[in-house]
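Chain by chain, the residues run as shown.
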Amino acid sequence: MNVIVDTMKPVGDVDRGGEATALLSVRSLVKHFGSNSGLLARTRTVVRAVDGVDFDVMKGETLGIVGESGCGKSTTARLVMQIIKPDQGEILFDGEAVGSSALGLNDFRKQTQMVFQDSYASLNPRLTVEDTISFGPRVHGLPRKAAISRAHDLLHRVGLEPSRFAGRYPHEISGGQRQRINIARGLALEPRLLILDEAVSALDKSVEAQVLNLLLDLKDEFGLTYIFISHDLNVVRFMSDRVMVMYLGKVAEVGPSEQIFTTPRHPYTEALLASMPSMDPDNRTQEAPISGDPPNPINPPPGCRFHTRCRFVTALCAHAEPPLHDVGGEHFAACHLANPASGHPRLAAA
Amino acid sequence: MGDSDTLVDVRQLTVDFGPARKPVRAVDGVDLSLKKGETVALLGESGSGKSVTLRTLLRLHPKSARTGGTVAVDGRDVLAMSAAELAAYRGRTVSMIFQDPGLAFDPVYRVGDQIAEAVKRHDGVSLAEGRKRALELFERVRIPSPERRLDNYPHEMSGGMRQRAMIALALACRPKVLLADEPTTALDATVQIQVLLLIRELQRELGLGVIFVTHDIGVAVEVADRIAVMYGGRIVEMGSCATVIRKPAHPYTRGLLTSRAGHAAQKGSRLVAIPGAPPDLANLPPGCAFAPRCPEVADGCLQTVPAPVPLDTGHFACCFRVSASSAPKELRRAIA
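Chains A and B supply the protein sequences, listed in that same order. Heads up: the first sequence is residues 1 to 350, going by this note's numbering. Heads up: the second sequence is residues 1001 to 1336, going by this note's numbering.
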């Protein structure tokens, strides 16, 4: 174990902004995808994948992002990671703008890594496990020998015996083991922020718990900060300190995990929670909380994006878009009902 | 073969894939019965044999697959059917809905026409009659503006609506048994519950027998009367929904329940995970398939496959550690 400690000592990316500075600040993030469709591709359609998203991730916390397909959670992750370029918006990492002279893209990527859902597709099939894990550090200038030795340490850390796994190829190992390798690769550059995009969703339930435990252990051990994206609300609740609920490219609600799950303030969050299977054979769900599918992000409804499916909808919701309103205790909801000054008729009635 | 209420009676089913010298045994001695108006959930992980069992009921395997045991549906021997008998049987007696309705429909025909064609083929009516039936079904599965939607191509529908259309197609010829292979896995949470409720409602109103394959315990609890837990190609525990959830007897079932990141899981604590990985079907251990991962493993578990131990009415578990006299204590666990 001594060897492990030596190669894993923290690198120079010290905490610059101090504890009070968010590790990641995202402001007015926008990404639209355009495509030409229709006859002879003459109609220009725009998918508003992410449409004005703001959030912070504090040092050492886990921010969970939930939402249904098309809500923009994965696009947000990819924008943060700079895999795709945002149309608008600002991303600050520990107080420095990403891509500025103070924090170049190379430096930023060393400190932020990502683990994807598909453990197989995200590994190079022609690289052995140790080559995959040591690839990043070598690109960033670590000599081969040191990089390989770090890879072996990391394999240890993620619960895989280096002597058995280091020389194997991705197709020779199981899904759970592959996801451990993806996590090890994510940690190889000693990042401060790890983005987990549906990282356990493809795993069997019995293996999922192992990987969740591993993620918690690694977070403690390396002082990591996580963005944990999942459609599984139980898993997000278990993992996250704060939770952000997204709907059609917007933030619907964000706040401390327990508050979101026990006293949601946005009707969409409420519906999402009520849609979870009951796990009680004597009290099965009798009625679906909302009907229909999420609308297409190509032409999102005006006003509040959720108003087409909301049971509290009024004329106000159809034209005025509710901003994120502070409902107290670091809890924000983008609903007119959460804001006493919005003029929603139900507020007057209450 | 059971009483007249029995729709499906599967005995000692085995399914082997791959070369005869080194077969992969995907299903290994499954016994399963289904009564009229009953929903049985097959719960298991990938490779547990749940989908293969289901597909055997429609004989959807490639020719190279070797099937053993008996499969009787509605009193007829499915494994002995000729091609013509099989074509009449599929859709009429038993039909199926799949995980990805986008792949189950033909992308170049209108959805309404595909349903009408199935009705025409099975009922011998005109295409116009078939269209009428399709419209009726679309209303039944509550597709909004059904008349217009009949003319949609599959890609013009959202995921949830496509799954509703798939259900309409499956019910087109008034089958007695509906097989559902993870029909809600690809759907969003708010849509999943709608489709589950729809299946439950149709099952009740039409008196269907439903076999529902899922990997999600929560989904199984929402729809099933009985749950069969599968592992390594075998049913390791079976019982009423409430019994399996509240008094799980097999260590694997118990592990599945305790490893869930549910309500009760404390923030910051660790989940009680099942160690190890699901078994390799080409190299199953000689004894209990779960033994290498089992916290209660004993010597005997590694040598012999445990037989079902009856615990309660309709409840059994295949484990040497359980016995009829010492039925497990209720698992004290706040269930989400």
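Among the clues, some could well be false.
[Unchecked claim] Listed below are several chain A residues computed to face chain B (Cβ distance under 7 Å; list not exhaustive):
id: 1; residue: SER69
id: 2; residue: ALA202
id: 3; residue: LEU212
id: 4; residue: PHE222
id: 5; residue: ASN234
id: 6; residue: GLU270
id: 7; residue: ALA271
id: 8; residue: LEU273
id: 9; residue: SER275
id: 10; residue: ASN283
id: 11; residue: THR285
id: 12; residue: ILE290
[What the hints assert, rightly or not] Okay, derived cross-link-like pairs now, DSBU-like style, lysine-lysine, Cα gap no bigger than 30 Å in a straight line:
id: 13; chain 1: B; residue 1: LYS1247; chain 2: B; residue 2: LYS1267
id: 14; chain 1: B; residue 1: LYS1176; chain 2: B; residue 2: LYS1267
id: 15; chain 1: A; residue 1: LYS219; chain 2: B; residue 2: LYS1267
id: 16; chain 1: A; residue 1: LYS110; chain 2: A; residue 2: LYS85
id: 17; chain 1: B; residue 1: LYS1036; chain 2: A; residue 2: LYS59
id: 18; chain 1: B; residue 1: LYS1176; chain 2: B; residue 2: LYS1063
The set of hints was computed from the structure by calculation and includes no laboratory data. Every residue, glycine too, gets a C-beta built ideally from N, C-alpha and C.
Here is what the structure says about each hint:
Hint on SER69/A holds. Least Cβ distance to chain B is approximately 6 Å, under the 7 Å limit. About 9 Å separates the beta-carbon of ALA202/A from the nearest beta-carbon of chain B, more than 7 Å, and the hint is not met. The restraint placing LEU212/A at the interface with chain B holds, with a minimum CB-CB distance near 6 Å, inside the 7 Å limit. At its closest, the beta carbon of PHE222/A sits 16 Å from a beta carbon of chain B; the interface hint therefore is violated under the 7 Å criterion.
Given hint, ASN234/A at the interface with chain B, holds; its Cβ is 5 Å from that chain's nearest Cβ, closer than 7 Å. The criterion of a C-beta within 7 Å of any C-beta in chain B is not met by GLU270/A, whose closest approach is roughly 11 Å, and the hint is violated. Interface hint at ALA271/A: satisfied, since its Cβ lies 6 Å from the closest Cβ of chain B, which is below the 7 Å cut-off. Given the 7 Å rule on beta carbons, the hint for LEU273/A is violated: about 9 Å separates it from the nearest Cβ of chain B.
Using the Cβ-Cβ criterion of 7 Å, the hint placing SER275/A at the interface with chain B is satisfied: the shortest such distance is roughly 4 Å. Evaluation of the ASN283/A hint against chain B yields a violated restraint, the C-beta minimum of about 10 Å exceeding 7 Å. At a threshold of 7 Å, the smallest CB-CB gap from THR285/A to chain B is about 6 Å, leaving the interface hint in force. Hint on ILE290/A holds. Least Cβ distance to chain B is approximately 5 Å, under the 7 Å limit.
Taking the CA atoms of LYS1247/B and LYS1267/B, the gap is about 25 Å. The hint holds against a cut of 30 Å. Note on LYS1176/B and LYS1267/B: the hinted pairing is violated, with a Cα-Cα distance of about 46 Å set against a maximum of 30 Å. Between the alpha carbons of LYS219/A and LYS1267/B the distance comes to roughly 14 Å, so the proposed pair stays at or under 30 Å and holds. For a cut-off of 30 Å, the pair hint linking LYS110/A to LYS85/A stands: about 18 Å separates their Cα positions.
Restraint check for LYS1036/B and LYS59/A: not satisfied, since their Cα atoms lie roughly 57 Å apart, outside the 30 Å limit. Pair hint LYS1176/B plus LYS1063/B holds up; C-alpha atoms about 26 Å apart against a cutoff of 30 Å.
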